[in-house]
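Hey, can you work out the whole structure from these sequences and the hints?
Protein sequences, first through last, are from chains A and B. If you count the first sequence from 1, position 75 lands on 75 in the numbering used here, and the numbers rise without skipping. If you count the second sequence from 1, position 217 lands on 217 in the numbering used here, and the numbers rise without skipping.
If you're looking for bench data, these hints aren't it; they were derived computationally from the structure. Treat the hints with care, since some could be wrong.
For identical chains, the list gives no copy identity; a pair is met inside one copy or between any two copies.
Below, computed lysine-lysine pairings styled on DSSO-like, alpha-carbon distance capped at 27 Å [unchecked claim]:
(1) Lys185 with Lys154
(2) Lys154 with Lys101
(3) Lys173 with Lys101
(4) Lys154 with Lys329
(5) Lys308 with Lys101
Protein chains: 2
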Amino acid sequence: MKNTILMMAALSGGMAMAEENMKSNIALVIHGGAGTIKKENLSDEQEQNIKTALQQALDAGYQALADGQDATAGVIAAIKILEDSPYFNAGHGAVFTKPGKHELDASIMRGSDLDAGAVAGVAYTKNPILAAEQVMLNSPHVMLAGSGADTFSKTRGLEQVENSYFDTEFRRKAWQEVDAKTRAKQAETASSDDVLAAEFKFGTVGAVALDKNGHIAAGTSTGGMTYKAWGRVGDSPVIGAGTYADDRSCGISATGHGEFFIRYTVASDICARVRYKNIGIEQAADEVIHQELKSVGGDGGVIGLDPKGNIIMTFNTTGMYRGYKKAEKSEVLIYGDE
Amino acid sequence: MKNTILMMAALSGGMAMAEENMKSNIALVIHGGAGTIKKENLSDEQEQNIKTALQQALDAGYQALADGQDATAGVIAAIKILEDSPYFNAGHGAVFTKPGKHELDASIMRGSDLDAGAVAGVAYTKNPILAAEQVMLNSPHVMLAGSGADTFSKTRGLEQVENSYFDTEFRRKAWQEVDAKTRAKQAETASSDDVLAAEFKFGTVGAVALDKNGHIAAGTSTGGMTYKAWGRVGDSPVIGAGTYADDRSCGISATGHGEFFIRYTVASDICARVRYKNIGIEQAADEVIHQELKSVGGDGGVIGLDPKGNIIMTFNTTGMYRGYKKAEKSEVLIYGDE
Chain A
1 MKNTILMMAA LSGGMAMAEE NMKSNIALVI HGGAGTIKKE NLSDEQEQNI
51 KTALQQALDA GYQALADGQD ATAGVIAAIK ILEDSPYFNA GHGAVFTKPG
101 KHELDASIMR GSDLDAGAVA GVAYTKNPIL AAEQVMLNSP HVMLAGSGAD
151 TFSKTRGLEQ VENSYFDTEF RRKAWQEVDA KTRAKQAETA SSDDVLAAEF
201 KFGTVGAVAL DKNGHIAAGT STGGMTYKAW GRVGDSPVIG AGTYADDRSC
251 GISATGHGEF FIRYTVASDI CARVRYKNIG IEQAADEVIH QELKSVGGDG
301 GVIGLDPKGN IIMTFNTTGM YRGYKKAEKS EVLIYGDE
Chain B
1 MKNTILMMAA LSGGMAMAEE NMKSNIALVI HGGAGTIKKE NLSDEQEQNI
51 KTALQQALDA GYQALADGQD ATAGVIAAIK ILEDSPYFNA GHGAVFTKPG
101 KHELDASIMR GSDLDAGAVA GVAYTKNPIL AAEQVMLNSP HVMLAGSGAD
151 TFSKTRGLEQ VENSYFDTEF RRKAWQEVDA KTRAKQAETA SSDDVLAAEF
201 KFGTVGAVAL DKNGHIAAGT STGGMTYKAW GRVGDSPVIG AGTYADDRSC
251 GISATGHGEF FIRYTVASDI CARVRYKNIG IEQAADEVIH QELKSVGGDG
301 GVIGLDPKGN IIMTFNTTGM YRGYKKAEKS EVLIYGDE
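Right, dumping it as structure tokens:
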């Protein structure tokens, strides 16, 4: 009896400490895409612009968490800034599809109850991440695709824009170059799309947050692949592939060659390894990104965190736009050797 | 040295035996949907028609495997028959969307190299499972959605039909009833759709096969949810949710309330538990279907098999149209207490 009481006291103390730790552990990690990112290919100005946007996203998301808002709010505050920035392939700044338009994908998931929302191929919703949130909060569904997703977001009162709002000169030029090449080759076949797509597949944004109550949320947003055709859906709106969050293991947002990330269910596989193999999030991410994906040529990376606030930014490419913010430390990084 | 040689001889013998076992282990398991399926709600004729269609699908898929074709061929032979049958919510016999049309989803995955293909919202491709196969074999992508998916399937030479080909009187009546109810309630909101959808969400078909070389494939095909709106995508075309196959663990095809199956990445989670927890496929499926899903009201079930030919047909509903065929035994079942 005495032992039981002592044990209960110890447990209670432990729980109070754990709760205290939880509260001090708010954390945010973000990415703006992984790929062939080398110092010689970025001007100082480009580098500074990208870093500034990443820092603004980190600050906004972290502030939401510090104000006591939940993990979902932290994720959305960060991603909204990255969607509005022209420097990333999401929202304004999204790549062009084969017909010269934009089709955007986004998803969000919260680890407290595994609820989730996703949209694929929206063309008129200014901030796709907000549409994903509305699907999670105010529809019986998890995933909406195409014009129906825009219609839903409109009925939820989200800001609608002309498709040309997503245009940027940089992305238009990339599209024109691919378009010219394709026409020159009269290449309408899958295999030539494959070759072309390989050069233009990165730039997705994402965020994973841990709030003061120890809950995790993860979100991802993208314009997809330059010159994508046939209504191609990548990993970003696929729960389990581009985004996953489970308070019992971790939260993950992915970026890279989406087809591999779907086939390997990258986001949920990392969480599954943490949960079932009892390994840390860093080892789990290493196994998936550096072993499984690397062995089959699946280029890309992930960001993530676990309920203790351990953060990972793991990629098998030369660089990944990325950053994190915790109570004690914050960094914004681009290249692989930083 | 001697020990090593002995060990190698033993291993070699073991491998030869394993290979022999593999060859005799061809197996096929199929489903035609899970839900509130009770004996008092089915006429003898309906029951017989459904059982006959399931048996034909089993026989066709098994014959492909017995002829030495690969697991993918076994899956497709079985699913094609279920799509062509009017008794299941896939292909001809698919439910009606809110606007009174049909939008079909399908996916396929092979466990040998984790390649996969999926289509969401096709409206003119006679056999969606064949479109999913073409995405896997002849596109650089894994998932295509909407009209682009139909366009792709057409360029691949697949048979196209009028959308009305998918009509059946039974499904039209169900749609008309929901439509009348909705209009009576002036219910255009998400919550009322939710209530209505709850009654009409089952009938997906799927198959998982093990071929003579020990390779697994899994596939799923559906007409989705009666009266679905906003381009809702369920779990069937989502790799990891409705379909997963990995020779290292198992192959799974799911059917049920799709939103839960996406959030819990049901198909890949069962495979992850087999792989990382070193438990059998039956225990893994029980944990996911009877514990995880059941605890949150996620109705449905899965079929699956592992590389040894162990078969599962696990559901938390009153019934699931299902069947399997192995060398030594074959069964076709409907209700939960059989």
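Does the structure break any of the earlier hints, and which numbers would those be? Of the numbered hints given earlier, those the structure breaks are 4, 5, listed in rising order.
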